[in-house]
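**Q** Sequence:
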Amino acid sequence: MKKNITCPCGERIVGQDEDDLVAKTQQHLKENHPGHDYSRDEILFMAY
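The letter at position 13 of the sequence shown is residue 12 when you use numbering that gives the first Met the number 0, and the numbering goes up by one with no holes.
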């Protein structure tokens, strides 16, 4: 199961599961990179 993602800004985001990872990633983008909005599929494609 994919639970980690590294944002291009260098921030490493770790989730308990895929849903948690997607939620945390979307929150990080909203707070730190307004205008960069990725769908669940796009986030999971980049996750590992």
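A few of these clues could be false.
[What the hints assert, rightly or not] 20 Å max Cα-Cα, derived EDC-like pairs, lysine to aspartate or glutamate: (1) Lys-2 / Asp-18; (2) Lys-2 / Asp-19; (3) Lys-2 / Glu-17; (4) Lys-23 / Glu-10.
[As the list claims (entries may be wrong)] Distance ranges between label pairs, derived from CB positions: (5) Met-0 / Gln-25: 16 to 22 Å; (6) Val-13 / Asp-40: 18 to 24 Å; (7) Val-13 / Ser-38: 28 to 34 Å; (8) Thr-5 / Pro-33: 17 to 23 Å; (9) Met-0 / Gly-34: 28 to 34 Å; (10) Met-0 / Pro-33: 25 to 31 Å.
Rather than coming from a laboratory, the hints here were simulated on the basis of the structure.
Backbone N, C-alpha and C define an ideal beta-carbon position, used for all residues, glycine too.
**Q** Determine for every hint whether it applies to the structure shown.
**A** Now for the hints, and whether the structure bears them out:
no. : hint                        : verdict
1   : Lys-2 / Asp-18              : 9 Å, holds
2   : Lys-2 / Asp-19              : 8 Å, holds
3   : Lys-2 / Glu-17              : 6 Å, holds
4   : Lys-23 / Glu-10             : 12 Å, holds
5   : Met-0 / Gln-25: 16 to 22 Å  : 18 Å, holds
6   : Val-13 / Asp-40: 18 to 24 Å : 20 Å, holds
7   : Val-13 / Ser-38: 28 to 34 Å : 20 Å, violated
8   : Thr-5 / Pro-33: 17 to 23 Å  : 20 Å, holds
9   : Met-0 / Gly-34: 28 to 34 Å  : 29 Å, holds
10  : Met-0 / Pro-33: 25 to 31 Å  : 29 Å, holds
Consistency with the previously given hints fails for number 7 only.
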